[in-house]
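Undergrad: Listed below are the residues making up each chain.
Protein chains: 4
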Amino acid sequence: MYGSTLGNIFRVSTWGESHGKGIGVIIDGCPAGLPLSEEDIQEYLNRRKPGQSRYTTKRQEDDAVEILSGVFEGKTTGTPISLMVHNKDQRSKDYSEIAQYYRPGHADLNYDIKYGFRDYRGGGRSSGRETIGRVAAGAVASKLLKELGISVCAYTSAIGPVTINPNNFNKEEIQKNPLYMPDAQAAEKAQNYLEQCMKECNSSGGMVECIISGVPAGIGEPAFEKLDAALAKAIFSIGAVKGFEIGDGMNASRSTGLQNNDGYCIDENGCRQKHSNHSGGITGGMSDGCDIVFRAAFKPTPSIAAPQKTVNRQGENIEIEIHGRHDPIIVPRAVVVVESMAALVILDFMLASMTTRLDKIKEFFQK
Amino acid sequence: MYGSTLGNIFRVSTWGESHGKGIGVIIDGCPAGLPLSEEDIQEYLNRRKPGQSRYTTKRQEDDAVEILSGVFEGKTTGTPISLMVHNKDQRSKDYSEIAQYYRPGHADLNYDIKYGFRDYRGGGRSSGRETIGRVAAGAVASKLLKELGISVCAYTSAIGPVTINPNNFNKEEIQKNPLYMPDAQAAEKAQNYLEQCMKECNSSGGMVECIISGVPAGIGEPAFEKLDAALAKAIFSIGAVKGFEIGDGMNASRSTGLQNNDGYCIDENGCRQKHSNHSGGITGGMSDGCDIVFRAAFKPTPSIAAPQKTVNRQGENIEIEIHGRHDPIIVPRAVVVVESMAALVILDFMLASMTTRLDKIKEFFQK
Amino acid sequence: MYGSTLGNIFRVSTWGESHGKGIGVIIDGCPAGLPLSEEDIQEYLNRRKPGQSRYTTKRQEDDAVEILSGVFEGKTTGTPISLMVHNKDQRSKDYSEIAQYYRPGHADLNYDIKYGFRDYRGGGRSSGRETIGRVAAGAVASKLLKELGISVCAYTSAIGPVTINPNNFNKEEIQKNPLYMPDAQAAEKAQNYLEQCMKECNSSGGMVECIISGVPAGIGEPAFEKLDAALAKAIFSIGAVKGFEIGDGMNASRSTGLQNNDGYCIDENGCRQKHSNHSGGITGGMSDGCDIVFRAAFKPTPSIAAPQKTVNRQGENIEIEIHGRHDPIIVPRAVVVVESMAALVILDFMLASMTTRLDKIKEFFQK
Amino acid sequence: MYGSTLGNIFRVSTWGESHGKGIGVIIDGCPAGLPLSEEDIQEYLNRRKPGQSRYTTKRQEDDAVEILSGVFEGKTTGTPISLMVHNKDQRSKDYSEIAQYYRPGHADLNYDIKYGFRDYRGGGRSSGRETIGRVAAGAVASKLLKELGISVCAYTSAIGPVTINPNNFNKEEIQKNPLYMPDAQAAEKAQNYLEQCMKECNSSGGMVECIISGVPAGIGEPAFEKLDAALAKAIFSIGAVKGFEIGDGMNASRSTGLQNNDGYCIDENGCRQKHSNHSGGITGGMSDGCDIVFRAAFKPTPSIAAPQKTVNRQGENIEIEIHGRHDPIIVPRAVVVVESMAALVILDFMLASMTTRLDKIKEFFQK
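Chains as they are written, first to last, in the working numbering: chain X, 1458 to 1824; chain Y, 1458 to 1824; chain S, 1458 to 1824; chain L, 1458 to 1824.
Think of the hints as simulated: they come from the structure by calculation, not from any bench.
Heads up, a few of these hints could be off.
Which copy? The list can't say, so a pair holds if one copy fits it or any two copies do.
[Claimed, not checked] With a Cα cut of at most 30 Å, we get these calculated DSS-like pairs of lysine-lysine:
(1) K1731 / K1628
(2) K1478 / K1817
(3) K1731 / K1656
(4) K1628 / K1478
(5) K1817 / K1646
(6) K1600 / K1731
(7) K1819 / K1628
(8) K1600 / K1817
(9) K1515 / K1817
(10) K1600 / K1819
(11) K1532 / K1603
(12) K1766 / K1817
(13) K1766 / K1478
(14) K1478 / K1506
(15) K1603 / K1766
(16) K1532 / K1819
(17) K1545 / K1478
(18) K1766 / K1731
Please work from the sequences and hints to get the whole structure.
TA: This is the structure:
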């Protein structure tokens, strides 16, 4: 089945493998008239680029993006935008060995069964490099959302057992430490924890949190196309995500109605507000006008240098050590991927919401 | 935007409101030749029917299903299957009051903003009754999956703070207690907890777990159409779900690679197995041949009789008490909804997997 | 494969067979706030109802429509609209004979091969009664289009060899003769021709023309989603259509650039006009602001009482005569079906066009 | 709206403009295991390449295709196939003049209204160069169809008033004359006709016919997804197509049931056959096992050097002559585009047909 397209109106299709000629994305349905340059996109790609710190793979890639179509005289034309990054530092021979066995925590075996064989070079289509297309498209979506007064901000909220302290939350800090944590103290502790993991040839899981501000109420649909459902799918489509929650999330299951309900009130300025935001900004699948807040749990990088037991293609039990250029933690580079996926979903649903009311449609066409 | 259709190949579209003439569903893309009767479907609907216990609404509904099309001489014909349940015990006047204000934890305000007005009778399209269509379709999907050797089993794993003990797990028990818990002791504790909630005019959240057995490896797609992503969306599209996790789920974020990786081994019979199932049966977005295990967190029923603060349509701060026929907990009746949604996703992806390999396609058409 | 859904934003899904319990349609994505009653829809259904004249089947059906959901206090709510017509005069035994053989010009054999068996009662899903759902949905789309200043008008332009004379064109005449022709003289000749066909136990083909007025320029997309391409598919999805053309149509292939190009000019009022409309209102897949004009060719009714040669299910050559309640010509009752399909496509594309320009999107959300 | 994707299972998305950096296509959903090289694709692209004869534009382009992803060790992997052709001979300044006015027969004005401005270089997204992506994808689909025993063959059946004589039909001849006509005599006459057009700075329309052999019965769906409807849309999505017909086509409207019905018979070998093929191989929207035969009418090239009246952006009446590098007829180069679009549709529907019958699905998964 096709499976590389996201979105109903602002449609994004990614292509490319870890060790092929490049990675790319087509955006179909981008409105005309958005000023767009390669720099706009590069800024986002640089946040997921390898080699930013000692916690990321040593693979050398500029990830320099090229706009191949859909932009004319500095503005989007309304026709498909094709974006591409060339792979440069692919070293396929690193992978000749892993072609012979099934790595624990990877999808190697699933590929072999599904397709009859697999592109064993660096995870092929399951490589983290596939997310380049998502981030490039996410940069475009984010720029468009800004024009509509909407901002999306993701950050690392936990690395292994180290979690941020909400009291120390400082948005400025996010871009200052290599782990993209909004709490300098937690970031230091997390780095110590990672050093220990690396010494043990091990890896760590972590958590990404995301806050979306400025979304008007009423975005999202009542039944299957709930806004939180679409966010859940988009975030779960990022490799290594094992859990997704919104607002109080898993804790809501241990709560009561009196605790969990967000009542409305009229504040001193006569504005309608919610007392609290246990819902995380979405009720009944529709935005309620408050900040949308969600979290995603990432599993630890499966490629580790410590010895592991598994089987080879000949059906023999073997022990392996996976050397090569792997991140000891996926989370810091995944932050911008989460932000991008959220932006893509929110934009797509904003556009979809324009056809909901006859009064507004008539007004639109009467001008 | 349209938002009432689920699935790419086995496509399900629901319609109907809480207090309209009825609730229904169309299944388009159901393979021809499946024996199907109204009894097959009724069995599933009875598990979500109101009035099963003192923990469910007192609204009286048979929820008797009628097959309107797509079945001829007891078998599906391959054309759209239309299923309908008539609403019988709608008492719209119960709701004349709530038309005037915005209930905390409900989507009332979102509807008003999105559509300009709302069907205020019993939640309209956001009513739990919308899930009748999902369960009716899920019954058909489940029957078809059985023909392919696949079973789906959901149950309540927690009610408020009361969780099942894995050591007491007994599948037979699920259908024996009104809470659909696979642990008789936990079920008793949970009932006591609910009694307390009801006394306080309060409600409780809870957790549903689901196990899918028999899915071959390789189902699901690498990028956006990961099997776990599709499950996440489908489950999150059920009203009141606030969290979704698969396998180790949120805990994976606190784990390490050595702990979390599932190594393969060859067992004494020469069969390939996984040492463990931290992945919950899906790796890289594709099934890995093991049981698929996921959990969903449900928030507490928002309609409670205890006094709550909110605002009315005139923009005044008010205090309300919501009387009427509401479940003190959503979870037990949601169990079969979770099971149905899982069945719909798995079947849809199974069918999609048939076009993945040229060798199998050639074989298919050569006969 | 699913195949009963039309449209991207205004989505229509039909269900039901000729001799099942009924026929219906769900509209998902209809904007909220459209005043809608059963009478609005019935008016359209009456135009395709059987028994209007001696040129239509004698099957007795009121085709009385019921609105089952999606309308509250006389207005659409924005949620799925479910519409249903009960079958009343199904006489399945009429068809016990045709279960045994393959009717020339029908899809009987295709069904048997595709699905393994077929619902042989009156064409099953291929019956003309399937168009009830299309017309019911088309009535809703037409009402909404009227609010946007757009009208759709179809009529019979030829019956067998009898074509209308453009000089006699009279829109008022369309609803006055049983053949829905806008030329009273041609209508009379056509009736004589049909009498002859009926005497010979034969049937006739014909042509439907459709004019859509008021569509602004720029509706439709450049590549695969051209407006004329979408119209072509929608019209070709009506059973018995064998040809579709727009503007000069097939004749354009025999024309030259100098003849076929529609130049622009500024008229005496300073308005931009086209000199001519060879394009039929669509250029480059987008509406150009002029009337959209297309034609569809219908084959003759395949069910005829004259003797025909064919084979039975046992693989024997046989001769048959098909008696029963069949229209000697499909075209007059197809007029409203063509009109409905055109309305569905135009509305869907109008709604889609709202997300094309950033300047208009910003304006939309700033209010 | 997005509009650059075709297909449900074998999904093709094109991108690129006439004078941008290049033109490309992504194929998502191509089964794994198909041997595929750049040569396989180049062969098809060469048939639509400019500069093949004096009847095609003098723009110099190799149209050399590059496979960027989805192929590993010479076989498709089942993941997205990205194909690209770099533009080389774009001379944008040729177009600085046409930026100022609206060319008759072109979509210039529609673009300006739809998007607020346009990429005026060579037709932008409406350029014939957009079909490069279609042909590249069509080459892949055709190769896959061959593995399933299906062939698609298109050719020019008329140029202006010159039509092929069925008695002279010679398939071998198609690739021998620059007009891709299967009748050498007609090809010569057509060339004379074109010389005359060129002398008059005029252009000609024409007709393409296509025969698809080997499609089993039962491909296509009963209601909206009829196989002929999908073909109609795909072919109508090629720029300049104004009419589409299948089998007897427009003539069926002038026919009677006795003439038009295709009866079945058992031939001397005991095989079931159709007496005739008025249906063109599709009945009730499903293939009937016979050759599928359709025709498309193309309008004349709108860009002509003869003087024409139109208006400029300032709203003034002007007279223009369009010089530059334009084909005097679109049809010969469109032949391979028609063939490609037909292959894409047939393959997509073949794959979709695999999920129609439960007996075959069970058999598929039991192996």
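Undergrad: For every hint, state whether the structure bears it out.
TA: Outcome of the hint check:
1. For the homomeric pair K1731 and K1628, the shortest alpha-carbon distance inside one copy (23 Å) is at most 30 Å, but the shortest distance between copies (42 Å) is not.
2. For the homomeric pair K1478 and K1817, the shortest alpha-carbon distance between copies (29 Å) is at most 30 Å, but the shortest distance inside one copy (47 Å) is not.
3. Taking the shortest Cα distances, K1731 and K1656 sit within 30 Å of each other only across copies (27 Å), while inside one copy they are farther apart (48 Å).
4. For a Cα distance limit of 30 Å, the shortest separation of K1628 from K1478 qualifies neither inside one copy, at 37 Å, nor across copies, at 39 Å.
5. Taking CA atoms no more than 30 Å apart as the test, K1817 paired with K1646 passes in neither setting, with 52 Å inside one copy and 49 Å between copies.
6. Taking CA atoms no more than 30 Å apart as the test, K1600 paired with K1731 passes inside one copy only; the shortest distance there is 29 Å, against 39 Å between copies.
7. Taking the shortest alpha-carbon separations for K1819 and K1628, only the inter-copy value of 28 Å comes in at or below 30 Å, while the best intra-copy value is 42 Å.
8. In this assembly of identical chains, the alpha carbons of K1600 and K1817 lie at most 30 Å apart whether taken from the same copy (25 Å) or from different copies (16 Å).
9. In this assembly of identical chains, K1515 and K1817 lie within 30 Å of each other by CA distance neither inside one copy nor across copies; the values are 53 Å within and 40 Å between.
10. In this assembly of identical chains, the alpha carbons of K1600 and K1819 lie at most 30 Å apart whether taken from the same copy (28 Å) or from different copies (13 Å).
11. For the homomeric pair K1532 and K1603, the shortest alpha-carbon distance inside one copy (16 Å) is at most 30 Å, but the shortest distance between copies (35 Å) is not.
12. In this assembly of identical chains, the alpha carbons of K1766 and K1817 never lie at most 30 Å apart, being 62 Å within a copy and 32 Å across copies at closest.
13. Taking the closest pair of Cα atoms, K1766 and K1478 never come within 30 Å of each other, the shortest separation being 33 Å inside a single copy and 49 Å across copies.
14. Taking the shortest alpha-carbon separations for K1478 and K1506, both the intra-copy value of 17 Å and the inter-copy value of 25 Å come in at or below 30 Å.
15. For the identical chains of this complex, K1603 and K1766 are neighbours neither inside a copy (49 Å) nor across copies (34 Å), given an alpha-carbon limit of 30 Å.
16. In the homo-oligomer, the alpha carbons of K1532 and K1819 lie at most 30 Å apart both inside one protomer (28 Å) and across protomers (16 Å), since each shortest distance falls under that limit.
17. Both within a single protomer and between protomers do K1545 and K1478 lie at most 30 Å apart by alpha-carbon distance, with minima of 8 Å and 21 Å respectively.
18. Taking the closest pair of Cα atoms, K1766 and K1731 come within 30 Å of each other only across two copies (10 Å); inside a single copy the shortest separation is 53 Å, beyond that limit.
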